[in-house]
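Visitor: The chain contents come next:
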Amino acid sequence: MSKVEMQSEKSEKKKEWEPKIIAFLCNWCSYAGADLAGVSRIQYPSNIRIVRVPCSGRINPYFIIKSLLRGWDGVVVSGCHPGDCHYVSGNLVARRRFAILQDLLNLFGIEPDRVTFMWSSASEGDRFANLIKKVTKNIKRLGPNKKFESTW
Amino acid sequence: MEQKILKKDQIVKLYNHIVKDYNFYAPIKEKRNITFKKITNPEDIVLDYYNSKVPPKEIIFPQTDILFEYKINGKEIEIEEPKNLEEKNIIFGIRPCDAHSFVLLANFFSQGEFNDEIIMKRRENTTLIGIGCNTPKSTCFCTSVDGNPFQKEDMDIFLVDLQDKYLVEGITNKGKDLIKQFSWLANATESDLKEAQKLKKHAEDAIVTKLELKDIDKILDPNFEHPVWKEASEICIGCGTCSFLCPTCTCFDVIDENVPNENRGRRVRIWDTCQSCLYTLHTSGHNPRNSCIERVRNRILHKFCYYPKNYGMLGCVGCGRCVQLCPANNDLRVIIEKIMEIKPKKEEKITV
Amino acid sequence: MVIEDQNKEIEQLIRDVARKLLKEKEVDVILGYTKGTIPLTSLPIVIDKVEDVDKLIWNNLCYINLAKYLVPRIPTLMNEEGQKLKVGIVSKGCVGRALIHLSVEHQIDLENIKIIGIPCNGIINRKKIEDEIGEKEIFEISISGDNIVVKGEDVEQTLPFNEYMNELCKTCQVKSPPSLEGICVGECLENPIIEDDFSDLADFDSKTPEEKWEYIKSLLDTCTRCYACREVCPMCYCNLCFVDQNQPVWFGKTTAYSDIFTFHLIRAMHMAGRCVGCGACSSVCPIGIDLNLINRSLEKIAKERFNFTSGIDPETLHPMMAFDMEDEQEFMMEED
Numbered sequence: 001m002s003k004v005e006m007q008s009e010k011s012e013k014k015k016e017w018e019p020k021i022i023a024f025l026c027n028w029c030s031y032a033g034a035d036l037a038g039v040s041r042i043q044y045p046s047n048i049r050i051v052r053v054p055c056s057g058r059i060n061p062y063f064i065i066k067s068l069l070r071g072w073d074g075v076v077v078s079g080c081h082p083g084d085c086h087y088v089s090g091n092l093v094a095r096r097r098f099a100i101l102q103d104l105l106n107l108f109g110i111e112p113d114r115v116t117f118m119w120s121s122a123s124e125g126d127r128f129a130n131l132i133k134k135v136t137k138n139i140k141r142l143g144p145n146k147k148f149e150s151t152w
Numbered sequence: 001m002e003q004k005i006l007k008k009d010q011i012v013k014l015y016n017h018i019v020k021d022y023n024f025y026a027p028i029k030e031k032r033n034i035t036f037k038k039i040t041n042p043e044d045i046v047l048d049y050y051n052s053k054v055p056p057k058e059i060i061f062p063q064t065d066i067l068f069e070y071k072i073n074g075k076e077i078e079i080e081e082p083k084n085l086e087e088k089n090i091i092f093g094i095r096p097c098d099a100h101s102f103v104l105l106a107n108f109f110s111q112g113e114f115n116d117e118i119i120m121k122r123r124e125n126t127t128l129i130g131i132g133c134n135t136p137k138s139t140c141f142c143t144s145v146d147g148n149p150f151q152k153e154d155m156d157i158f159l160v161d162l163q164d165k166y167l168v169e170g171i172t173n174k175g176k177d178l179i180k181q182f183s184w185l186a187n188a189t190e191s192d193l194k195e196a197q198k199l200k201k202h203a204e205d206a207i208v209t210k211l212e213l214k215d216i217d218k219i220l221d222p223n224f225e226h227p228v229w230k231e232a233s234e235i236c237i238g239c240g241t242c243s244f245l246c247p248t249c250t251c252f253d254v255i256d257e258n259v260p261n262e263n264r265g266r267r268v269r270i271w272d273t274c275q276s277c278l279y280t281l282h283t284s285g286h287n288p289r290n291s292c293i294e295r296v297r298n299r300i301l302h303k304f305c306y307y308p309k310n311y312g313m314l315g316c317v318g319c320g321r322c323v324q325l326c327p328a329n330n331d332l333r334v335i336i337e338k339i340m341e342i343k344p345k346k347e348e349k350i351t352v
Numbered sequence: 001m002v003i004e005d006q007n008k009e010i011e012q013l014i015r016d017v018a019r020k021l022l023k024e025k026e027v028d029v030i031l032g033y034t035k036g037t038i039p040l041t042s043l044p045i046v047i048d049k050v051e052d053v054d055k056l057i058w059n060n061l062c063y064i065n066l067a068k069y070l071v072p073r074i075p076t077l078m079n080e081e082g083q084k085l086k087v088g089i090v091s092k093g094c095v096g097r098a099l100i101h102l103s104v105e106h107q108i109d110l111e112n113i114k115i116i117g118i119p120c121n122g123i124i125n126r127k128k129i130e131d132e133i134g135e136k137e138i139f140e141i142s143i144s145g146d147n148i149v150v151k152g153e154d155v156e157q158t159l160p161f162n163e164y165m166n167e168l169c170k171t172c173q174v175k176s177p178p179s180l181e182g183i184c185v186g187e188c189l190e191n192p193i194i195e196d197d198f199s200d201l202a203d204f205d206s207k208t209p210e211e212k213w214e215y216i217k218s219l220l221d222t223c224t225r226c227y228a229c230r231e232v233c234p235m236c237y238c239n240l241c242f243v244d245q246n247q248p249v250w251f252g253k254t255t256a257y258s259d260i261f262t263f264h265l266i267r268a269m270h271m272a273g274r275c276v277g278c279g280a281c282s283s284v285c286p287i288g289i290d291l292n293l294i295n296r297s298l299e300k301i302a303k304e305r306f307n308f309t310s311g312i313d314p315e316t317l318h319p320m321m322a323f324d325m326e327d328e329q330e331f332m333m334e335e336d
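Chains as they are written, first to last, in the numbering used here: chain A, 1 to 152; chain B, 1 to 352; chain C, 1 to 336.
Okay, chain A solo, but in the shape it has when bound:
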């Protein structure tokens, strides 16, 4: 069998559910890190769809909640390491916001691993890939996000 035929057979057999994960990456560190992973041909799961923001401090908790409402199975938010923010303190402001949001999501019964916060710098292509692998594994374990399926 040719390679192409083998691959198409594989994808036909594997009709299992693939999570859709939205990733908000800060432009200066995390997005650059993801780019580095790509350029270095480091493999990581293709379940994530990246949204580039100037800074993790730009992330309004509404984005995260709206993503869950829209049916995204997982949300990843990534910024620069504390102390390394391009805008000096954007990620520090964001960190407090994320802490409160994570606690509240837990309170209301959203599984803790659906929404993930992480720091990843521009030179850490490896780290980015590893963290995304971990997130995808978590979301696959949790299953699809059915809580907000529209009833109409």
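Worth flagging that the hints you see were computed from the coordinates, not collected in a lab.
Glycine included, each C-beta is placed from N, C-alpha and C at the ideal position.
Some hints could be false.
[As the list claims (entries may be wrong)] Each computed DSSO-like pair below joins lysine-lysine, with the alpha-carbon atoms no more than 27 Å apart: (1) Lys-175/C with Lys-8/C; (2) Lys-136/C with Lys-31/B; (3) Lys-137/A with Lys-15/A; (4) Lys-207/C with Lys-66/A; (5) Lys-212/C with Lys-140/A; (6) Lys-8/B with Lys-136/C; (7) Lys-218/B with Lys-230/B; (8) Lys-151/C with Lys-55/C; (9) Lys-20/B with Lys-7/B; (10) Lys-207/C with Lys-140/A; (11) Lys-230/B with Lys-86/C.
[Claimed, not checked] Here are some chain B residues pointing at chain C (derived, C-beta under 10 Å): (12) Tyr-15; (13) Lys-29; (14) Gln-63; (15) Lys-137; (16) Ser-138; (17) Trp-184; (18) Cys-239; (19) Gly-240; (20) Thr-241; (21) Cys-274; (22) Gln-275; (23) Ser-291; (24) Ala-328; (25) Asp-331.
Put chains B and C on the given structure of chain A with help from the hints.
Guide: The following block gives chains B and C in isolation, referenced to the frame of chain A:
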């Protein structure tokens, strides 16, 4: 038509008969509140209650009402009208004040070319089996607004609670025809009728809140800028509970929702309140009703001045929900008393 | 001292202080509570004459947080020229906390206010009393000794006050307003220190996410989106609430559970570290939804993460107004 008797232990039989052709709405206890819901298990029906918190207007005018759904297929748009409008409904256990509110709602929603087909269709397909109030609450004042705890004209079938049974009277032809289907109902006796009369008198005497409302619209009209409005609204927090739970309030908002990536969506109508600070906010930024003073004034004028002018009857049914549930205890009865103390002025002609 | 006698003392304290403030013209008006027109309520009242001081009462049904009447969005307490009046507010602890926190957020100027501190002994849980009495109308409610006496149609019951108190009152540690020099009169708390282990939340915290989801859903799903909770809360003073935004429309306004969930989740997020635990939201809900669990959790988040309790110190910034390099980040994901 002769009056009949429905024993309370026959209600399940009644339900089983009716539910074949109708959606049966009756009071149940949900989360510790009495509310009118569609019954699937007749054992859930509660017969010992004053009235529901949320008025039964939500059956024909729901809090979340889908006006239409649409699907986009390429260049074609498919519109789907709301389903279930042809379904027939019975509301069992509605009180005379709420039954009268259905008349007021119909006045509003059926104005000529602005006829609201969806709501009026539901109203047409709804039959009211009401129960007179043997023990009105101290906050009820239906007798002050041309009503009565045993008012039956606005219902299709009127029941009187005689302890272990109901006296059944068909009022409209719709109601009488329905009663004919229940051939197993016993006939009422003379003593049943006498008992009902006694209960009616007892209920009328039990109403303690008596408001003087003669010509209130003539007092309200020239007193738009009277200082009474500041007094009436000083403690109002503008929460809108009064309008949400008022059986005659009709304000609504219309919002559009869509499901992205699926090219479909719907238009939804939801309840709104004139007490919201955004209600009259213009796109220019100007807000003619910028404070609670104007908003409380608007609500009172609507019920007691504008509605009588437009429809020839008061816009309030005296159910007392706003009095019981106002969080700041801004008592409507106290406000009405203050208004009636204003000496009627000669009507001033407004020149433009 | 039993509750009944405590109430008499508190009432006397309110009237004495109010009389003094009005006589000496230190305030233009007093904002307090008077007897409601129906049982289970109290009526907020504004008085400007010394003769009216005896209308002021205290009766464990004073659940409205009076600080709400001072936020800029409610322009009631002004004179003819549109200037703010000097107000003396009858303040239980949560009202005082609300005033202090509003001044931290630059919404009110404490210089124009006199906080009449009282040692609040708790607010009656109206819904719980109504549940207990059932469908009978309540005609009278009074305090006798340490009990609540409820008289209604064919019913009279005596209920222990401690059990029929608002849930948030049971764990309250700031019963009087924190003391502020020159602003607080009456009885105030000197140097309040909040020690709380939040053990009442341990039961809920141990539930699985699925159990929590079901619990919260059963709590909230009859919400009718009337926004009474938002309007009565002194901390909700935005000119345009997030649900009303339409450029863009963020979240739905219908009674579908996904919309109800979103409203309460985001409102809780906006209240984190700002809620003063007055319980007015639960007291005024027409459906009787008890937001106690959510509000207590908000206090826990603020205390355990940032060692912050709202409305204690007018100089301490709210945690969301600041940041620290050393903030905890145990919730951030790390590589295996």
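Visitor: All hints, please: hold or fail.
Guide: Hint by hint, here is what the structure shows:
1. Lys-175/C with Lys-8/C: The given pair, whose Cα atoms are some 17 Å apart, holds under the 27 Å limit.
2. Lys-136/C with Lys-31/B: Judged against 27 Å, a Cα distance of about 17 Å means the pair holds.
3. Lys-137/A with Lys-15/A: 17 Å, holds
4. Lys-207/C with Lys-66/A: Distance of about 25 Å is within 27 Å: holds.
5. Lys-212/C with Lys-140/A: 21 Å, holds
6. Lys-8/B with Lys-136/C: Roughly 20 Å between the alpha carbons, so the hint for Lys-8/B and Lys-136/C holds.
7. Lys-218/B with Lys-230/B: 20 Å, holds
8. Lys-151/C with Lys-55/C: 24 Å, holds
9. Lys-20/B with Lys-7/B: Judged against 27 Å, a Cα distance of about 21 Å means the pair holds.
10. Lys-207/C with Lys-140/A: With a Cα-Cα distance of about 22 Å, the restraint between Lys-207/C and Lys-140/A holds, given a limit of 27 Å.
11. Lys-230/B with Lys-86/C: OK: Lys-230/B and Lys-86/C at ~18 Å, within 27 Å.
12. Tyr-15: 21 Å, violated
13. Lys-29: Because about 9 Å separates Lys-29/B from the closest Cβ in chain C, which is inside the 10 Å limit, the hint holds.
14. Gln-63: Check passed: Cβ of Gln-63/B comes within 5 Å of chain C, closer than 10 Å.
15. Lys-137: 5 Å, holds
16. Ser-138: 7 Å, holds
17. Trp-184: 30 Å, violated
18. Cys-239: 4 Å, holds
19. Gly-240: 6 Å, holds
20. Thr-241: Constraint on Thr-241/B satisfied, holds at 5 Å.
21. Cys-274: 13 Å, violated
22. Gln-275: Because about 8 Å separates Gln-275/B from the closest Cβ in chain C, which is inside the 10 Å limit, the hint holds.
23. Ser-291: Holds, about 6 Å.
24. Ala-328: 6 Å, holds
25. Asp-331: Given a least distance of 4 Å, the restraint on Asp-331/B holds.
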